[in-house]
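J.: Next come the chains, spelled out residue by residue.
Number of protein chains: 2
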Amino acid sequence: MTATDATAPDDLDAMMLDIGARARASARALALTPGPRKDEALKAMATAVRTEAEAILTANAEDVADATAGGADKAFLDRLALTPERIEAIAAGLDVVAGLSDPVGSVLAAWTRPNGLMIERVRVPIGVIGVIYESRPGVTADAGALCIKAGNAAILRGGSESLRSATAIHRALVRGLNEAGLPADAIQLVPTRDRAAVGAMLAGLNGAIDVIVPRGGKGLVARVQAEARVPVFAHLEGICHVYVHAGANLDTAKAVVLNAKMRRTGICGAAETLLVDRAVASTHLQPLVAMLLDAGCAVRGDAAVQAADRRVTAAAAADWSTEYLDAIISAKVVDGIEAAIAHIERYGSHHTDAIITEDFTAAERFLGEVDSAIVLVNASTQFADGGEFGFGAEIGIATGKLHARGPVGVEQLTSFKYKVRGNGQTRP
Amino acid sequence: MTATDATAPDDLDAMMLDIGARARASARALALTPGPRKDEALKAMATAVRTEAEAILTANAEDVADATAGGADKAFLDRLALTPERIEAIAAGLDVVAGLSDPVGSVLAAWTRPNGLMIERVRVPIGVIGVIYESRPGVTADAGALCIKAGNAAILRGGSESLRSATAIHRALVRGLNEAGLPADAIQLVPTRDRAAVGAMLAGLNGAIDVIVPRGGKGLVARVQAEARVPVFAHLEGICHVYVHAGANLDTAKAVVLNAKMRRTGICGAAETLLVDRAVASTHLQPLVAMLLDAGCAVRGDAAVQAADRRVTAAAAADWSTEYLDAIISAKVVDGIEAAIAHIERYGSHHTDAIITEDFTAAERFLGEVDSAIVLVNASTQFADGGEFGFGAEIGIATGKLHARGPVGVEQLTSFKYKVRGNGQTRP
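Protein chains in written order, with my numbering: chain A, 1 to 428; chain B, 1 to 428.
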C-alpha cells in the first residue's frame with residue numbers, strides 16, 4: 001500500500017478495519033508463540049535495522065527536508081531527525097527488549113480449593129495494542145518491540161511528518177518477523193497521513209483494538225483520552241512536586257530538587273513545583289531558590305518565596321497547575337505536611353511526587369496519603385521511568401488507576417486468565 | 001432527600017454531581033482507614049440490617065405491592081421480594097465480607113535497584129465505584145460492602161421498582177458507617193427513580209467515578225457498555241461451552257455436563273453449548289444427549305446430534321451464539337480439538353469454557369488456546385463464581401481483559417501505587 005495524504009472515507013474505513021482484522025488474527029498466533037521465537041524475531045529486527053540503516057536515513061532525510069520546508073521548528077526537527085547513532089540506539093533497544101524475560105505464561109498465583117480444584121492465574125497477552133505517536137520515528141521500533149514481547153499485535157500510527165522514516169523502520173521490523181516465522185501482520189504501520197485514521201483507531205476498529213497507548217504531547221493525549229472508545233494507557237501531564245519537609249536535610253534537598261527540575265526539563269517526571277515547609281523556610285528556602293536561579297531556572301513564587309530572592313517573580317494562580325516542561329518552577333511555602341499533601345492533591349496530576357525528609361513518620365505519611373502513581377522519599381522525581389524501575393523498557397507512564405499505573409513495561413501490556421484443573425468436580 | 005420519579009434536569013445534574021463530589025471526598029478518608037475500622041463498620045451494618053429487618057420488610061412489601069399492581073411477572077417479583085430469611089442472608093453476607101482479609105496496603109512486589117532505591121508496589125483502593133443494578137434489593141448491601149472493604153466509596157443506583165427496599169437497607173448501612181466513625185457518604189444510594197441518573201453516572205459525574213459495575217441482565221449491561229465514558233467491569237453474556245474431547249471419560253463427561261447445564265440454568269456460568277468430538281460420538285453422544293433430555297433439558301442439535309435422539313430439535317444458526325439462561329442447550333459434533341477451539345472462539349463470549357478429557361496434551365492445549373477468562377478441565381463451568389474461587393464474595397464476573405478478568409472480588413476492586421524510598425538518589 002502506498003502512503004497517501006488523504007483517502008476517500010469509505011476506502012479509509014475499509015483499510016483500517018482490514019488492518020484491525022489482520023491484527024486480531026495475528027494476535028491469536030502471537031499469543032501462542034514461545035518466548036524464544038519472539039526473541040529471535042526481535043533480534044532479527046535489530047539486525048535488519050542495522051542492515052537497512054542507509055535506507056532508513058535516506059527516508060528520514062526526505063521527511064526532514066519536507067518538515068524544514070514546511071517551517072518546522074528546531075525542537076521538532078530534532079525529534080524527527082535520525083543519525084547513524086540514533087539508528088544504532090534503535091537497534092540496541094530492540095536487543096534490550098529481546099533480552100527481557102517473557103512475561104507470558106508466568107503463573108501469578110496458584111491455589112487449590114477444598115474440593116480439589118487447582119486454580120492458576122496465568123499471564124496472557126492483552127491482544128491488540130494501538131499506539132498513536134508523533135514525530136519521533138524510533139517509537140515505531142520501541143512500541144512494536146514491546147507489544148511483540150508481551151505477545152500482542154501492534155497497530156502503529158506515527159506522525160504524518162515522519163511517515164517515510166517510520167515506513168523504513170517498519171520494513172526492517174517486518175523483515176525480522178518474517179525471518180522468525182511470525183506473522184507479518186503482528187506489527188502494522190498505518191500507511192496513510194490521513195488524520196481520520198486516528199479517529200478510526202480511537203473508535204476501536206470494530207472491537208479489534210484492546211487498548212490505545214498515545215505517545216506524544218498534551219494535545220495528542222487529550223484528544224485520545226477524550227475520544228477513545230477503548231481503554232487508554234496514558235498520562236495527560238506530569239505536574240510533579242518536590243516537598244521539602246521540616247525534617248529535610250538541606251544537602252539532600254538541594255541535590256534532589258536540582259536534579260528533579262533541571263536534569264532534563266522536558267520529561268514528564270521533571271518537577272514543576274517546589275513546596276518548602278514553613279518550619280525550615282528560614283534555613284532552606286533561600287539556598288534552594290538561589291541554587292535553582294543560579295542553574296538558569298526561572299522561579300515563580302508566592303510572597304514568601306519572592307522575599308527569599310529578588311530574582312523570583314510572582315506566581316499567578318495558573319502556575320500551580322502548569323506543566324512547564326522547561327527551566328521554570330513554581331515555588332511556595334506551605335504550613336506543614338497536611339498543607340503540602342492538600343496542595344499536591346489539588347493541583348497535581350497524580351503522576352510522581354517526592355518528599356525530602358529524615359523524619360520516618362512524615363515519610364510514611366506522605367507515601368501513604370499522596371494519591372499518585374509514584375511517590376518517592378529522598379529521591380528525584382526524574383526516576384519516573386520504566387528503565388529506572390528495572391522494567392527494561394517502557395511504552396509510557398500511566399496515571400489511570402486501572403490495570404496499568406506508573407511505568408508501562410512489558411508486564412503491563414499483559415492480561416491474565418484462570419486455568420482450572422479438576423477431576424470431575426461438579427458444583428453442589 | 002426524598003425519592004422521586006423524575007426531577008428537573010438541572011436539579012438532577014446538580015444532585016448527581018454533588019453525590020459524586022461527596023463520594024470522592026469520602027473516598028480519600030476511606031482509603032486511609034485501617035482495616036479493623038472498616039470491618040467494624042461492616043459488622044455494625046450487619047447488626048443494623050438485623051435490627052431494622054422489620055422496617056426493611058415493610059418497605060419491601062410496598063415495592064412488591066406496586067410491582068404486582070404494575071403487572072410484574074413472577075420471576076421479577078421473586079427477585080424483588082425479601083423475606084426474613086433473605087434479610088438474614090444479607091446480614092450474613094456483610095459478616096462474610098467483614099471476615100475477608102483487607103487487600104489494601106499489601107505489598108504486591110518489592111525490589112531494590114542497583115542505586116539503592118527501594119521500590120514497592122502496594123495495593124491501594126481504586127477510589128469511587130459506581131454500581132448500577134436492577135430489582136434485587138440485596139445488591140445494595142453486597143456491593144456497598146465489597147466497595148468499602150476495598151477502601152472505595154460506592155455510588156449505588158438500584159432498580160426503580162426496588163427503591164424503597166434499597167433505601168431501607170441503605171439506611172442500615174449508613175448506620176454501620178456512622179457507628180464505626182466512617183463517612184456516611186462512603187456508601188450513597190441515588191435517591192431517585194429518574195433514569196437520567198444512570199446516564200449521569202455513565203458520564204462519570206465529572207470525573208468522580210473511576211469504574212462502573214453493572215449488575216443485571218443483558219439489556220442493562222449492553223447499555224452500560226455502550227454509553228459509559230468510564231471503565232466498566234462486566235460481562236455481557238456467558239455463552240459457556242463444554243467440549244467432550246476424544247479422550248473424555250464418559251462418567252466424568254456426564255457428571256460435568258449435567259451440572260454445567262442444569263444445576264442452575266439462569267446463571268452466567270451455566271453451559272449453553274455442548275461440543276462432542278466426532279472420535280467419541282458413537283459412544284458418548286447418545287448417553288449425554290439422552291441424559292440431558294431426561295433431566296428436562298431441550299436439546300437443539302446439528303444433524304449428528306439429531307440422529308442420536310429423536311427428541312432433539314434442529315439447531316438454527318442463531319443457537320450457537322444464544323445465551324439461553326434456561327433448560328435448553330445447543331449441541332454439535334466437532335472434528336477434533338482444533339475445530340472445538342475454533343467454534344468457541346467464534347461463538348463464545350470469552351467467559352468460561354471447559355474441556356472433558358483424560359488426555360494431558362489436549363487439556364493443556366485447551367487451557368492455553370481458549371481465550372476466555374476462565375478455562376477448566378474436567379470441572380463444571382458453574383464454578384465461575386468468586387465464592388467458588390475462594391474470593392469470599394464477588395461483585396460480578398468480568399470478560400474484559402484489562403484490570404479485572406473473571407470473578408471481581410475485593411482484590412479486583414483495588415489499584416496499586418509505587419512507593420519509592422531513597423537516601424538522596426539523583427538520576428545521572
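Hints were generated in silico from the structure; no laboratory data involved.
Everything numeric in this text was worked out from a predicted model, so none of it was measured.
Among the hints, a few may not be true.
Unchecked claim - Listed below are several chain A residues computed to face chain B (Cβ distance under 10 Å; list not exhaustive):
id	residue
1	ALA8
2	PRO9
3	LYS43
4	THR47
5	GLU120
6	THR352
7	ASP371
8	LEU376
9	TYR418
We put the beta carbon where it would ideally sit given N, CA and C, even for glycine.
J.: All hints are to be evaluated individually against the structure, with a verdict given for each.
T.: We went through each hint and held it up to the structure:
{"no.": "1", "hint": "ALA8", "in the structure": "violated (28 Å)"}
{"no.": "2", "hint": "PRO9", "in the structure": "violated (23 Å)"}
{"no.": "3", "hint": "LYS43", "in the structure": "violated (25 Å)"}
{"no.": "4", "hint": "THR47", "in the structure": "violated (29 Å)"}
{"no.": "5", "hint": "GLU120", "in the structure": "holds (9 Å)"}
{"no.": "6", "hint": "THR352", "in the structure": "holds (9 Å)"}
{"no.": "7", "hint": "ASP371", "in the structure": "holds (7 Å)"}
{"no.": "8", "hint": "LEU376", "in the structure": "holds (4 Å)"}
{"no.": "9", "hint": "TYR418", "in the structure": "holds (5 Å)"}
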